[in-house]
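**Q** From first to last, the protein sequence lines stand for chains A and B.
Throughout the first sequence, residue numbering follows the numbering used here, covering 1 to 132 in sequence.
Throughout the second sequence, residue numbering follows the numbering used here, covering 133 to 308 in sequence.
It should be emphasised that the hints constitute simulated quantities derived from the structure, not laboratory data.
Think of the CB as a built atom: it goes at the ideal place given N, C-alpha and C, for glycine as much as any other residue.
Please note that a few of the clues may not be correct.
What the hints assert, rightly or not - To spell it out: a stretch of chain A is covered by chain B in this simulated footprint if at least three of its residues, at any positions, have a beta carbon under 8 Å from a beta carbon of chain B; those stretches are:
#, stretch
1, 11 to 17
2, 23 to 32
Claimed, not checked - Only part of the chain B face toward chain A is listed, based on derived beta-carbon distances under 7 Å:
#, residue
3, L181
4, W212
5, L248
6, Y267
7, R292
8, K294
9, L297
10, L299
Okay, here's what each chain looks like letter by letter:
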Amino acid sequence: MNEPMLGRDDQAVKAAVRGGLAARDRALPPPPFARAWPGGRRPRAGAWRPALAGGLALTAIAAVAWMLLARPDGKSAPAADLRAATELARELSSPDYWRVPTDELLAFAAPPLDAELPSPEGFNVSLEESLL
Amino acid sequence: MPDGPRLRHNPLIDQRELEQLHDQCFSWALTCVRGRRAEAEDVLQMAYLAIVEGEARFGGQSSLRTWLFSVIRNVAGSRWRRARRSLEGLARIAAFAPHAEPFVTPAMPAESTRVLDALRALPRRQHQVLDLVFYRDLSISEAAQVLGISLGTARMHYERGKSALRLRLADMGPAA
Numbered sequence: 001m002n003e004p005m006l007g008r009d010d011q012a013v014k015a016a017v018r019g020g021l022a023a024r025d026r027a028l029p030p031p032p033f034a035r036a037w038p039g040g041r042r043p044r045a046g047a048w049r050p051a052l053a054g055g056l057a058l059t060a061i062a063a064v065a066w067m068l069l070a071r072p073d074g075k076s077a078p079a080a081d082l083r084a085a086t087e088l089a090r091e092l093s094s095p096d097y098w099r100v101p102t103d104e105l106l107a108f109a110a111p112p113l114d115a116e117l118p119s120p121e122g123f124n125v126s127l128e129e130s131l132l
Numbered sequence: 133m134p135d136g137p138r139l140r141h142n143p144l145i146d147q148r149e150l151e152q153l154h155d156q157c158f159s160w161a162l163t164c165v166r167g168r169r170a171e172a173e174d175v176l177q178m179a180y181l182a183i184v185e186g187e188a189r190f191g192g193q194s195s196l197r198t199w200l201f202s203v204i205r206n207v208a209g210s211r212w213r214r215a216r217r218s219l220e221g222l223a224r225i226a227a228f229a230p231h232a233e234p235f236v237t238p239a240m241p242a243e244s245t246r247v248l249d250a251l252r253a254l255p256r257r258q259h260q261v262l263d264l265v266f267y268r269d270l271s272i273s274e275a276a277q278v279l280g281i282s283l284g285t286a287r288m289h290y291e292r293g294k295s296a297l298r299l300r301l302a303d304m305g306p307a308a
């Protein structure tokens with residue numbers, strides 16, 4: 001038997017509770033159902049944050065790729081350079097970018113510079129002069 | 133019986149039936165958050181969201197009303213626990229403390245305010261059991277289901293709450 005048996009005092013308490021809560025409900029009417037009902041939409045305040053983070057990450061990757069692949073001076077990068085740049089971009093955009101570069105990056109040899117470096121013969125400095 | 137659209141993730145729930153129980157749900161949410169309207173609205177909205185998205189599933193073992201009340205209580209309880217953990221929540225908890233903010237609304241008679249203050253001064257479970265049994269006409273076993281406690285524990289809260297409330301109301305004397 002789950003229904004409580006109420007004595008006279010209990011009836012008075014029950015009446016007091018009912019009266020008090022009914023008055024509260026009258027004083028604080030519920031909002032319209034349509035306002036409280038989500039209707040399948042998720043009213044998440046921070047929903048724009050993942051989208052913003054994703055957008056920023058893509059922009060950063062695109063910027064790195066542009067810097068590495070399409071150089072500002074308009075020259076196209078050599079094939080080896082492109083491979084290394086692609087690999088580097090992939091590495092930098094991965095979650096564990098801080099790790100040691102891959103074998104491909106380690107094996108990458110920088111192409112020779114276009115600028116002419118002075119040769120030792122061009123100095124024309126004798127051994128004696130260099131010692132002075 | 134209403135014959136409205138069924139919820140996608142809760143096919144046993146008829147949306148119109150839910151709408152008919154909306155007022156009672158809000159009233160119960162108010163009790164769960166000790167009469168704070170804005171908090172009750174948030175709790176109710178989160179409970180509806182959990183139902184719409186299927187995070188809370190109605191299996192039909194109890195009445196829809198009993199189940200809804202238990203979902204609302206769970207949401208209010210989890211919000212309470214989260215708030216307690218956060219620094220920001222400390223201020224809210226202080227505001228929830230019994231007698232920290234007397235329940236006074238201009239539209240309410242003094243006698244009702246007196247009863248509500250006495251109810252709010254009771255321990256949370258006792259307050260909730262009395263609300264469910266006295267105001268919403270649930271049986272003690274249904275109240276136990278809503279509160280997620282055993283029947284024996286619900287009976288204990290009911291008896292203690294009833295005695296405590298009687299004493300408090302007697303101590304307060306007649307309303308001015």
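**Q** Of the numbered hints stated previously, which ones are contradicted by the structure, given in increasing order?
**A** Hints 4, 7, 10 are the ones this structure does not satisfy, whereas the remaining hints hold.
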